[in-house]
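J.: Got chain A sorted already, so can you dock chain B onto it with the hints?
Protein chains: 2
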Amino acid sequence: MTREQLFQLIQKKKSFLCVGLDSDINKIPQHLLEKDDPVFEFNKAIIDATIDYTVAYKPNLAFYESRGSEGLISLEKTIAYLNERKDEVFTIADAKRGDIGNTSAQYAKAFLETYGFDSITVAPYMGEDSVSPFLSLENKWVILLVLTSNKGAFDFQLIENKESGKRLFEEVLKTSQKWGNADNMMYVVGATKAEMLSDIRNIIPNHFLLVPGVGAQGGSLEEVAKYGLNKQCGLLVNSSRGIIFKSHGKDFTEVAKAEAKKLQEQMAEVLTNNNLL
Amino acid sequence: MTREQLFQLIQKKKSFLCVGLDSDINKIPQHLLEKDDPVFEFNKAIIDATIDYTVAYKPNLAFYESRGSEGLISLEKTIAYLNERKDEVFTIADAKRGDIGNTSAQYAKAFLETYGFDSITVAPYMGEDSVSPFLSLENKWVILLVLTSNKGAFDFQLIENKESGKRLFEEVLKTSQKWGNADNMMYVVGATKAEMLSDIRNIIPNHFLLVPGVGAQGGSLEEVAKYGLNKQCGLLVNSSRGIIFKSHGKDFTEVAKAEAKKLQEQMAEVLTNNNLL
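In order, the protein sequence lines correspond to chains A and B. For the first sequence, this note's numbering gives the first residue as 49, with consecutive numbering after it. For the second sequence, this note's numbering gives the first residue as 49, with consecutive numbering after it.
Next comes chain A alone, as it looks inside the complex:
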């Protein structure tokens, strides 16, 4: 999916919602456990219930890997199901991978070819040659970690460079500009740092940003939109637990649908107020 196609999808659904499929088998509704593949059945039901309000789906690999190869089978079925609906969903492998060149190339192959995700989250610590292998595939995206929403973000991401005075996350933003462009790179920016979003937008006015969460993880949708929107929306805002685990009972799909719809309606208002529809 190209940037233009993603923006058109956002306009069509009046939404920039990303649903995080952090599908922990210990948290899904218990009645699904009798199924052959409970996690896949769960994901399928969530996708069906929310797809009208959602432009992106983001499984986090950890929840699948914790079950070994069986978990990866659930993931394979999930991405295959999403790929039957390729034109109306943008898919993100939340893997936060990164390694030396030839190894990153294998990760790129795994997620962008073998599984067929549109994009993959990547960690920046090892620099250019650990990231660029992910950028060599047509119509595929890297979503680079920049400013994360957790407490540990304060350990290193705000360290000021003696030479430039810039903070580490700004150096990551600046340096990574040379590796790709706004048509194959996006950035992860934690919503709790909403005021830093304007600093970030000064450096990258055109790139899409993946915002891991609003509400529970801090930072409101209004704030994120205020500082983060651009002329093609430029935002994907994620919600996981607030949608997929809002109910643990047999009504989990209705509840998920209602929660997704609520967020989509807020987003529609934001898009309208900013003349993006």
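No lab work stands behind these hints, which were simulated from the structure alone. Owing to the predicted nature of the structure, the values given are computational and were not obtained by experimental measurement. Among these hints, one or two may not hold up.
The list makes no distinction among identical chains, and a pair is therefore deemed to hold if it is satisfied within one copy or across any two copies.
[Unchecked claim] Okay, derived cross-link-like pairs now, EDC-like style, lysine to aspartate or glutamate, Cα gap no bigger than 20 Å in a straight line: (1) K222 x E208; (2) K199 x E176; (3) K125 x D84; (4) K298 x D84; (5) K199 x D177; (6) K305 x E317; (7) K75 x E118; (8) K214 x E176; (9) K222 x E118; (10) K274 x D247; (11) K61 x E186; (12) K199 x E132.
T.: Same frame as chain A, but now just chain B:
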């Protein structure tokens, strides 16, 4: 395995060799492809041929993930085979994982429990709460990326902190001291930065270091030993291609054995010269 047990294993085998099982199915000897699980058969043969000279095995997850769930099945069989020999091998999941707290906990579960590796490589960008979940399991190790051996290491790892004057990799070393100790943390230090090893040893005299490669990746065994050894050896030096892909023919096990033995003999000399045997 505890630090003391690892040192005893090093003394017993007169070796600090780690064999990297970067078992790319496109590079293993072709005659294995007729087997049900060619990669597992390859790994098993390599392990059998090299185990007398080797104290650690390090599969890199990318090469298994690139084959989807099938690749993870090969990995599961490999770690199970290694775990039948638990007392004479230290196992490393080279995964370079890291995510917010509860997600890192799932990765810890995946690799340290479900698969049963002794240790896992972890990326530091997201700070303490992305790393500490891996440290909550008894007798298990985190191997934290500090200074990597690739060109991209120069992008961020050497940035000097305006406040302290320290370089980023030194900040990672210093800050991570508070998260664990020399009995549950090790560090990845690229061999090409051998002269920086003494800077590193000044900060962490007692921790084990995983050195990704010598020779092909730059930096000699003698240099690494000179600057990196400590009173319990404190080094695990990895070799992948130079051992496992030295031959692509039917003699691949004999050749792997010979290469591992060569390195072990060099290491035995180093250990003797430093009064560690």
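J.: Confirm or reject each hint.
T.: Okay, the hints, checked on the actual structure:
When the C-alpha separation of K222 and E208 is checked against a cutoff of 20 Å, the pair qualifies both within a copy, at 14 Å, and between copies, at 16 Å. Taking the closest pair of Cα atoms, K199 and E176 come within 20 Å of each other only across two copies (8 Å); inside a single copy the shortest separation is 26 Å, beyond that limit. In this homomeric assembly, K125 and D84 come within 20 Å of each other (Cα to Cα) only inside a single copy, at 12 Å, whereas the closest approach across copies is 23 Å. For a Cα distance limit of 20 Å, the shortest separation of K298 from D84 inside one copy, 18 Å, qualifies, whereas the shortest one across copies, 42 Å, does not.
Taking CA atoms no more than 20 Å apart as the test, K199 paired with D177 passes between copies only; the shortest distance there is 7 Å, against 28 Å inside one copy. Taking CA atoms no more than 20 Å apart as the test, K305 paired with E317 passes inside one copy only; the shortest distance there is 18 Å, against 67 Å between copies. In this assembly of identical chains, K75 and E118 lie within 20 Å of each other by CA distance solely inside one copy; the values are 17 Å within and 26 Å between copies. Taking the shortest Cα distances, K214 and E176 sit within 20 Å of each other inside one copy (19 Å), while across copies they are farther apart (22 Å).
Neither within a single protomer nor between protomers do K222 and E118 lie at most 20 Å apart by alpha-carbon distance, with minima of 40 Å and 39 Å respectively. Only within a single protomer do K274 and D247 lie at most 20 Å apart by alpha-carbon distance; the minimum there is 13 Å, versus 46 Å between protomers. Taking the closest pair of Cα atoms, K61 and E186 never come within 20 Å of each other, the shortest separation being 25 Å inside a single copy and 48 Å across copies. Taking the shortest alpha-carbon separations for K199 and E132, neither the intra-copy value of 38 Å nor the inter-copy value of 39 Å comes in at or below 20 Å.
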